[in-house]
Amino acid sequence: MSGIIDMVLASIRAKVPAANATVRTNPGPSGQDSLMVAPESVADVMRVIHDEHGFDFLSNVTGVDWPDPALAEKVAVIAEGDADAEGDAKADGEETPAECGFLEVVYHLYHTSERKGPLVVRSRTKDRGEGAKIASVVSVYKSAEFQEREIYDLYGVIFTGHPDLRRILMWDEFVDHPMRKDYVAPDDYEYEPTPHAAVIEKAAQHYPAPDAD
Amino acid sequence: MAIDQKLADDLKSQGVHVTSFEQLINWGRSSSLWPLQFGLACCAIEMIAATMAKYDMARFGAEVFRPSPRQADLMIVAGTVTKKMAPQVVRLYNQMAEPKYVLAMGACAISGGPFKEGYNVLKGVDRYIPVDIVVPGCPPRPEALLDGLIALQKKVKGEKLIGKDRVRHADPNGMAEMPVPEYGPHDLQPPMNPEVWKPKAKIRKEGEA
Amino acid sequence: MISDPLLQQSSPVLEEGSDDDQLLRVSLGPQHPSTHGVFRMNVELDGETVVRLKPVFGYLHRNHEKIAEGQTYLSSMPFTDRLDYICPLTNNWAYAHAVEKLAGIEVPERAEYMRVITAELTRLINHTAFAGFFLGDMGAWGSALMYAFREREKILDLFEDLTGARMMSNFMRFGGCRNDLPDGWLERCRALVDNYEPFLDEMEMFLLGNEILIARTQDVGQLPKETLINGGITGPMLRAAGVAYDIRKVDPYGIYDRFDFKMPLGEKGDCYDRLMIRFLEMRESLKILKQAIKDIPEGDFIAPKAKIRGFKPPVGEAYGRIEGPKGELGFYLVSDGTPQPYRYRVRPPSFVNLTLLEEMCVGLDIADVVIILGSVDIVLGEVDR
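Protein chains in written order, with my numbering: chain A, 1235 to 1447; chain B, 2 to 210; chain C, 15 to 399.
Keep in mind that the hints are not guaranteed to be accurate.
To be verified - Away from chain A, derived, C-beta distances all over 12 Å, residues of chain B:
no.: 1; residue: 26
no.: 2; residue: 72
no.: 3; residue: 85
no.: 4; residue: 113
no.: 5; residue: 151
no.: 6; residue: 152
no.: 7; residue: 160
no.: 8; residue: 170
no.: 9; residue: 173
no.: 10; residue: 175
Claimed, not checked - Where chain C lies over chain B, by a calculated footprint (3+ residues, C-beta under 8 Å):
no.: 11; segment: 41 to 54
no.: 12; segment: 119 to 125
no.: 13; segment: 136 to 148
Rather than coming from a laboratory, the hints here were simulated on the basis of the structure.
Every value quoted in this text rests on a predicted model; they were computed, and no experiment measured them.
Where is the CB? At the ideal position from N, CA and C, for every residue including glycine.
All chains, please: the whole structure from these sequences, using the hints.
Right, here's the structure in full:
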């Protein structure tokens, strides 16, 4: 896989210098290394990957929530030699709790006729609030349309340039982004009659005066 | 009102059937329960399997699945009711004509089942509509559904149509329509219908059996 | 068709006086006999012709991914059964495959064969049931499905003996399968496989030459190959259009490279081809099954070193995919070294295959929409998860 990644990396660095592309090594045994690009230029990068390298099939688009940036660095390790290019990423880490951390979108691409893949591309938003914006790739890969809507719904990433960015799984009046790690579900807790102290405590809170049966 | 059972049996042996109007109506109703053709999730596949050749729900007079709630007597809630789906389920219930019965099929419809922790999962359809029969299982086997159906038939056969303890649909003041919940910013509004659902109040203390 | 006041919320409001207010707006679903569950489409019609079609999802959004992130890796295995509830065993395999990639686990030979056998039986179930439901969409409600479910019950009996459950098998483990094949199981499986071909002959004789079926499905819903690939379509739908893309062939997982089978391809990619492809694929599945039943070796059904309790994969991420009966079923997992996955994502084939539903339907009659949706072969548990 590394051969393809290096090839793609070279052409992206030449064609889309603003993407600030770097290789991230996967520390696990799967060996699926990834390509990190800047959020504004994801669509341009995808255009290059699609047109010049023939990756015509975008299989999977995933959102990941990283409230703790240090954890994200463990999973996608900065490749040696790229470490200096990432220096500015950590500068604005100490803000209000909603602002620190970031949301990540991961793309898995395949080449249908030459049987290559997966090419993993990832991009991180500036923060988890106002700046959670990523360029939409629907103009390049139609298959991203519903998947990006899902990420917008569940994570709150705003895909700029998406033709129809609405909630998809939850209802339109819903305001939260439930797949975020800090989401608190509504307390419609129904305790089971089990003798667990935590359950009883929560139940007593929720139903102040249960019948003394 | 009440028939002398001995006399009735006596007459029956001579080919004369004596019955009450109530029993006759209940017998008719229980033998042709038309379910609503309405599958929500995994349990719907087992519900379909129950109507197919091997299990053959037609033996119990309940094979006529109607796509329209107006023609259906029995709502088999087969699968997870999500919060997004709950208003539609209640609306379908309201659209059904009396007498109507609800059979909650599977763990999800009963209590949320394995998906109970989910933020979009209704923890039991009985929070909004009255449930007559529950069929546990994940998913229940077709035999279990048939068993539930027979239990419902028994229930229908024992219904009182007149008098003080008559059933809901024979009572002019009985509630036929349930309020439809609305989509709120975090949850459904209201999160439950207190008229039909009350939290089970029994809490076992630690160490208690 | 139930007109729904909620229709207003999910579509742009029409302006009075514009051409658009002549359109008839229909909300198909979520309770509709043809939508295969709780799927909903907001359709705008000019007479009977479809002008716009917007799918509405989420009526079965059961928060599978969120629940999975709060529990151990193995605890999610029974939940995968409930994704695509017609074919639980391929879901099990896809998840086990992704975790094995994530943790670098080897699977013993016998377990690989058992996986192939159960997965191909599952493919038979799915495609047979598809034929029944598809004919149901066309108005033949009942009879075709009756035949399909008769055969399905036979396979379910096998599954019940093997896994203990008719539908929710929870059978695969990371590094193998949960238990070995029971005595005599292979013989009964062989008998079933031998008897399946006559059933397929019968079905094909009844269906594929049927005049009504041909009139309703041929030249309905085809799209160019490039559009389909770009739209992320996978599985039989893509192959019906003539694109040779079957993950069992192009990115072999398990031991599929050992079997001799063909990849059937369609020509036009209309609804008739999609039905046809599934029949041909069932015959290829039977070929694989025959070889697998003949060749299955003795040995371990799970890797002896596989850890069931206290399983913690190393830090990293992995995307594993298999060819499910409906298309590419993938799992993307991120591990932070704890017993719970940090991110657990299902790449559902049914959901992505609906991307091009509007493109396929616009310009056709409303009755064709039902056929096209049927030919996509969706299961809502997987679409909404």
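So, going through the hints one by one against the coordinates:
| no. | hint | verdict |
| --- | --- | --- |
| 1 | 26 | 37 Å, holds |
| 2 | 72 | 29 Å, holds |
| 3 | 85 | 6 Å, violated |
| 4 | 113 | 8 Å, violated |
| 5 | 151 | 28 Å, holds |
| 6 | 152 | 24 Å, holds |
| 7 | 160 | 29 Å, holds |
| 8 | 170 | 28 Å, holds |
| 9 | 173 | 31 Å, holds |
| 10 | 175 | 26 Å, holds |
| 11 | 41 to 54 | holds (count 10) |
| 12 | 119 to 125 | holds (count 4) |
| 13 | 136 to 148 | holds (count 3) |
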